[in-house]
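K.L.:
Chain order of the listed sequences is F and S. Quick note: the first sequence, position 157, residue 157 per our numbering, numbers continuous. Quick note: the second sequence, position 383, residue 383 per our numbering, numbers continuous.
I should point out that these hints are in silico values taken from the structure, not numbers from a laboratory. This one's a predicted model, so the numbers in the text were calculated from it and none came from an experiment. You may find that some hints are simply not true.
The list cannot tell twin chains apart, which means a pair is met if one copy fits it or any two copies do.
List time: in silico DSSO-like cross-link candidates among lysine-lysine, alpha-carbon distance up to 27 Å [what the hints assert, rightly or not]:
#1 K317 with K120
#2 K122 with K377
#3 K120 with K377
#4 K377 with K252
#5 K122 with K99
#6 K192 with K319
#7 K192 with K377
#8 K319 with K272
#9 K240 with K395
#10 K328 with K192
#11 K99 with K263
Number of protein chains: 2
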Amino acid sequence: MASCACAATIVSSPSYAIPLFTSPSSSSSSPTTTKFLTKQRWKTPLIETKTMRSKKSVVRATVSIEKETPEAERPETFLRGGDAATAAESLSVRARFEKMIREAQDSVCDAIEAADGGGKFKEDVWSRPGGGGGISRVLQDGVVWEKAGVNVSVVYGVMPPDAYRAAKGSADQKPGPVPFFAAGISSVLHPKNPHAPTLHFNYRYFETDAPKDAPGAPRQWWFGGGTDLTPAYIFEEDVKHFHSTQKRACDKFDPTFYPRFKKWCDDYFYIKHRGERRGLGGIFFDDLNDYDQEMLLSFATECANSVIPAYIPIIEKRKDTPFTDHQKAWQQLRRGRYVEFNLVYDRGTTFGLKTGGRIESILVSLPLTARWEYDHKPEEGSEEWKLLDACMNPKEWI
Amino acid sequence: MASCACAATIVSSPSYAIPLFTSPSSSSSSPTTTKFLTKQRWKTPLIETKTMRSKKSVVRATVSIEKETPEAERPETFLRGGDAATAAESLSVRARFEKMIREAQDSVCDAIEAADGGGKFKEDVWSRPGGGGGISRVLQDGVVWEKAGVNVSVVYGVMPPDAYRAAKGSADQKPGPVPFFAAGISSVLHPKNPHAPTLHFNYRYFETDAPKDAPGAPRQWWFGGGTDLTPAYIFEEDVKHFHSTQKRACDKFDPTFYPRFKKWCDDYFYIKHRGERRGLGGIFFDDLNDYDQEMLLSFATECANSVIPAYIPIIEKRKDTPFTDHQKAWQQLRRGRYVEFNLVYDRGTTFGLKTGGRIESILVSLPLTARWEYDHKPEEGSEEWKLLDACMNPKEWI
Numbered sequence: 001m002a003s004c005a006c007a008a009t010i011v012s013s014p015s016y017a018i019p020l021f022t023s024p025s026s027s028s029s030s031p032t033t034t035k036f037l038t039k040q041r042w043k044t045p046l047i048e049t050k051t052m053r054s055k056k057s058v059v060r061a062t063v064s065i066e067k068e069t070p071e072a073e074r075p076e077t078f079l080r081g082g083d084a085a086t087a088a089e090s091l092s093v094r095a096r097f098e099k100m101i102r103e104a105q106d107s108v109c110d111a112i113e114a115a116d117g118g119g120k121f122k123e124d125v126w127s128r129p130g131g132g133g134g135i136s137r138v139l140q141d142g143v144v145w146e147k148a149g150v151n152v153s154v155v156y157g158v159m160p161p162d163a164y165r166a167a168k169g170s171a172d173q174k175p176g177p178v179p180f181f182a183a184g185i186s187s188v189l190h191p192k193n194p195h196a197p198t199l200h201f202n203y204r205y206f207e208t209d210a211p212k213d214a215p216g217a218p219r220q221w222w223f224g225g226g227t228d229l230t231p232a233y234i235f236e237e238d239v240k241h242f243h244s245t246q247k248r249a250c251d252k253f254d255p256t257f258y259p260r261f262k263k264w265c266d267d268y269f270y271i272k273h274r275g276e277r278r279g280l281g282g283i284f285f286d287d288l289n290d291y292d293q294e295m296l297l298s299f300a301t302e303c304a305n306s307v308i309p310a311y312i313p314i315i316e317k318r319k320d321t322p323f324t325d326h327q328k329a330w331q332q333l334r335r336g337r338y339v340e341f342n343l344v345y346d347r348g349t350t351f352g353l354k355t356g357g358r359i360e361s362i363l364v365s366l367p368l369t370a371r372w373e374y375d376h377k378p379e380e381g382s383e384e385w386k387l388l389d390a391c392m393n394p395k396e397w398i
Numbered sequence: 001m002a003s004c005a006c007a008a009t010i011v012s013s014p015s016y017a018i019p020l021f022t023s024p025s026s027s028s029s030s031p032t033t034t035k036f037l038t039k040q041r042w043k044t045p046l047i048e049t050k051t052m053r054s055k056k057s058v059v060r061a062t063v064s065i066e067k068e069t070p071e072a073e074r075p076e077t078f079l080r081g082g083d084a085a086t087a088a089e090s091l092s093v094r095a096r097f098e099k100m101i102r103e104a105q106d107s108v109c110d111a112i113e114a115a116d117g118g119g120k121f122k123e124d125v126w127s128r129p130g131g132g133g134g135i136s137r138v139l140q141d142g143v144v145w146e147k148a149g150v151n152v153s154v155v156y157g158v159m160p161p162d163a164y165r166a167a168k169g170s171a172d173q174k175p176g177p178v179p180f181f182a183a184g185i186s187s188v189l190h191p192k193n194p195h196a197p198t199l200h201f202n203y204r205y206f207e208t209d210a211p212k213d214a215p216g217a218p219r220q221w222w223f224g225g226g227t228d229l230t231p232a233y234i235f236e237e238d239v240k241h242f243h244s245t246q247k248r249a250c251d252k253f254d255p256t257f258y259p260r261f262k263k264w265c266d267d268y269f270y271i272k273h274r275g276e277r278r279g280l281g282g283i284f285f286d287d288l289n290d291y292d293q294e295m296l297l298s299f300a301t302e303c304a305n306s307v308i309p310a311y312i313p314i315i316e317k318r319k320d321t322p323f324t325d326h327q328k329a330w331q332q333l334r335r336g337r338y339v340e341f342n343l344v345y346d347r348g349t350t351f352g353l354k355t356g357g358r359i360e361s362i363l364v365s366l367p368l369t370a371r372w373e374y375d376h377k378p379e380e381g382s383e384e385w386k387l388l389d390a391c392m393n394p395k396e397w398i
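Based on the sequences and whatever the hints tell you, model everything.
P.N.:
Here is the structure:
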């Protein structure tokens, strides 16, 4: 049914795109970098020029504007060389990260289909003329989930010199185009039952090579990602289970990871105009490169592997809980907040919309339905009020 | 029920706020000006600092951050001096514009209640410590309309020097704080029946006085506004009637107005990432000051007075038309587009969200319910496809 998916889709799926251009040396997001992106001269034409909607790549615009080509079959790898890749290449971090996210996509989709007990994922495979491609999977109107999207992409190409300069934070260098590599998995799962929470996760890996005209410039890499839970009602045992699973994954690598990435998550998923987080958090990190690369690859793998044990037991417990119209309406109001966060703040979504990505893939993160009531205020002390309070005042769950 | 509404609400209701800071000499919106706004150093703290949520005004932030005070009664005028205003003051453009928008609010609300035949508007009156105030009215879950908001505001104060410099487009001047005045009416009406269209209208008037330290600087003023229709299904006679009513209002003043403002409307309500307008347009204009001031006051009045004759006959004809679940779902998908436009592009909404306005009043423009299906494509030639086609390729309706 779905026709095609473009590079920007995945480069720009929620919380996914911008890190490509952020400084790998900073450990948190930088407003300056975001400003740079919104000022890029190649940004607006992507959306406004009709020729952009053709399938031809456009010279002036790089990365995110090359339109994708639908493919009939999944390739074994999206890396250059494909099946003919050398043994050395197959051991690279790029190759192992691709393998990891594709296995994670398979296992998460299998687990979702099994728990749903009816819905099936539809798959779109696509490739980019410039290099790489992706696999988008969506299950819509299932038994348990109203909308579930699990996408992977592996893209590479050349960053414009301006973007590289901004990433390096240096105005006086004039490097040539900079080769880059970006791969990631991104997913949002919206169940129907208001007692069953929404889940989002996303893990990504970036590399930039030395610019062509500056062979001495260092090659850089970084990891980003996170997993977070968005319930409409708090079941404390569920939230504890979810956060404990995240903490266990973190603790295997560094005892500082969980507290640091838990706070980062609370800070990132903040709906400023509401003074609320969109949900009850989890972990989130970005631009991570100040640890051993192998260690971070293992850490990202551990995190991706923790999605099923963190989430599916909660779904199994809540998917058939009876609910009232009142509870459904409250879930819908919280879905409205999810829409507000994703459309107004999420860096991947807003960047994707601005750079002309495949809209359906970017906006698969939006719920099937949402609601906005004028001046709705839950009664103090009610279950709805408790959720809102925890979104306004993040709690330590373990 | 509703507690209060803040200045930014109305300064920032859809399509309302930004013109305060745009150059009055330009006849269309300027990306440069928008950039200026997003760079304002007093922007972020408004939202992120907890003290901003108190009812005290904050010295560093001007206009949009002073919190509103709820008032028990509507004052006769929000202008300084109130009842004691002199005869000369009561003849000023400010005073006559306030009178016009308040009368328009009354007549539109009366007409909506009469056509709804059940729902009643709830009213919030508020004042700003710095000067002025407003009246917010919302009818929710009526018989015909699921959500209808009609707000007026009259606010004045002092623009920061940076904002004035940006408005003047000159970097080397250093004027002191610049007194400003802004008044407007803003409304979004979402009916339940998928055959009955959503309506938005907004009319506003701005003035800046000479800066305190530059007595020779000219006083400037400008008008902005528009009325546009967003149906889920096209009834050609309805759209013709709507556009003809707008054209008649325009033609009384200048034969170039309708074609120019019709195109401006199609350009403004453009959802770039979809390549679609949110609806079937109407008229839109901004920064209008290159005509006689009295003529433009009469024109804005004529436009505001055209809302009822343009819209209510369509509602009367369509409000009870039987509809299917399929038609309701399509309306909900189009409501999703409305949400996308307002949260991602509408200058008033995005400015309001960033500057800490009263969220419930700003977001009263959002529909009660909305829907996003993955990769939904109406069947070619269907009624849904015809609407989409008209949103992608604006038509001449008369």
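K.L.:
Take the hints in turn and mark each one as holding or not.
P.N.:
Hints, verified against the model:
1. Proximity of K317 and K120 under a CA criterion of 27 Å is satisfied intra-copy only: 21 Å inside one chain copy versus 43 Å between copies.
2. In this assembly of identical chains, K122 and K377 lie within 27 Å of each other by CA distance solely across copies; the values are 16 Å between and 39 Å within a copy.
3. Taking the shortest alpha-carbon separations for K120 and K377, only the inter-copy value of 20 Å comes in at or below 27 Å, while the best intra-copy value is 38 Å.
4. When the C-alpha separation of K377 and K252 is checked against a cutoff of 27 Å, the pair qualifies neither within a copy, at 42 Å, nor between copies, at 46 Å.
5. With identical chains, the CA atoms of K122 and K99 are at most 27 Å apart within one copy only, with a shortest distance of 21 Å there and 58 Å across copies.
6. For the homomeric pair K192 and K319, the shortest alpha-carbon distance inside one copy (8 Å) is at most 27 Å, but the shortest distance between copies (31 Å) is not.
7. Taking identical chains as interchangeable, the C-alpha atoms of K192 and K377 lie at most 27 Å apart whether they share a chain (23 Å) or sit on different chains (23 Å).
8. For the identical chains of this complex, K319 and K272 are neighbours neither inside a copy (31 Å) nor across copies (38 Å), given an alpha-carbon limit of 27 Å.
9. Taking the closest pair of Cα atoms, K240 and K395 come within 27 Å of each other only inside a single copy of the chain (11 Å); across copies the shortest separation is 56 Å, beyond that limit.
10. For a Cα distance limit of 27 Å, the shortest separation of K328 from K192 qualifies both inside one copy, at 9 Å, and across copies, at 19 Å.
11. In this assembly of identical chains, K99 and K263 lie within 27 Å of each other by CA distance neither inside one copy nor across copies; the values are 30 Å within and 51 Å between.
Checked against the numbered hints above, the structure breaks hints 4, 8, 11 and satisfies the rest.
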